[in-house]
Amino acid sequence: MTEKTQEPHVEDDDDELDGKLNYKPPPQKTLQELQELDKDDESLAKYKKSLLGDGPVVVDPTAPNVVVTRLTLVCDSAPGPITMDLTGDLEALKKETFVLKEGVEYRVKIHFRVNRDIVSGLKYVQHTYRTGVKVDKATFMVGSYGPRPEEYEFLTPIEEAPKGTASTTEKPVLLNNIEDAEAFVSGAEVAVIGFFQEPQSPEAEQFRLAAGQIPEVPFGLSSSAAVLSHYGASANTVALFRTVDNDRRDLDMNNRDVDAKKLTRFVRMNELRLVTEYNPVTAIGVMQSSLEFNLLLITDKMSPKHPERMRKFRAAAELYKGKILFVLLDTNLKSNERVVSYFQLKKSQLPALAVFHTPDDEHDVLTLDEISIERVQDFCNRFLQRMQKKEDKSEEKPLNEEL
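Take 41 as the starting number for the sequence shown in this note's numbering and just add one per residue.
Keep in mind the hints are simulated off the structure, nothing from the lab.
You may find that some hints are simply not true.
Stated by the list, open to error - Below, a list of computed lysine-lysine pairs in the DSS-like style, where the Cα atoms sit at most 30 Å apart:
id: 1; residue 1: K345; residue 2: K302
id: 2; residue 1: K301; residue 2: K374
id: 3; residue 1: K345; residue 2: K361
id: 4; residue 1: K345; residue 2: K363
id: 5; residue 1: K149; residue 2: K163
id: 6; residue 1: K374; residue 2: K163
id: 7; residue 1: K302; residue 2: K352
Turn these sequences into a full structure, and let the hints guide you.
Okay, here's the thing in structure tokens:
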């Protein structure tokens, strides 16, 4: 979750901690009791009215005090918000499905009503599942609210849809035919397939161990001769597929030195995504990418503005997929100091964008107060046009010499 630092996070064992402290809160007063206190104090009465309202909305003691009426899924990359009405047929609602692309950022807006008494310490708990397997749980404090006829709204922090599948050491996804394999590869930013004629071979066992160590990357296994032939893969080969540059990297498992540890490192080095975070491991994959242009966002990941910067940077990356490799460089990492100094940037000049042409090391830098999709586009387009003019001139020169 990209905004956890901005929210009062509630750990799972809060109730247990309260018990250990042996704290006993005083009995909770009803709304009527609170309104009766110091009712002769006119200024206090007005203040309490502004906080508590005129009184209960629903007097029936059997009615629920808090009622959630709607959930709205808010995603900038979607055509519009998706609202789920919880006051209607819930069984029918359960059968409706909404597809989120992996890695996209979204929020949930909760619409709820408080009917009778003040509610305090209201929590929001979200369980995230992928293919039926729970992959995440988030708990956040919503706050305290008094009863009123109007609905309240609570907007959750930015969440990121899970990436990859939940892998285990026993069971990567079995790919028995070409159609399944193609769907598996196209369904993720990064996907790994192990091609083994003998699924129980020692090499395949090391593959399973590596799959368990990288749960966020989907691993598939195929022993189908048709699938091996379709991908031109020899037996005991591991192939990593990535969509950001439409590239593939192979690792020969026939080498006895290749084990789960080295396979894990191979994946970590080469798992380039729509936006790849630069570090000593991913640096190798970045430099070996077939894309000749890299765009770096040089910024402080600890900044409260980082989630919004990343949202806009990712949106811009979608526009240049297959042309420019978008890279996040965190200035908090000591290993990244050399990169920052290469572009002759000081911390006071950050955040900044740096575009780099790998064949000739030509680059350009743009310091900015805040990032926007339009500024990223303008910066990239100007650099691409400049490099195109340079290439055109280099092609004209030999032609003129021949004439």
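Violated hints, by number in ascending order, as checked against the structure: Result: hints 1, 6 and 7 break, sorted rising.
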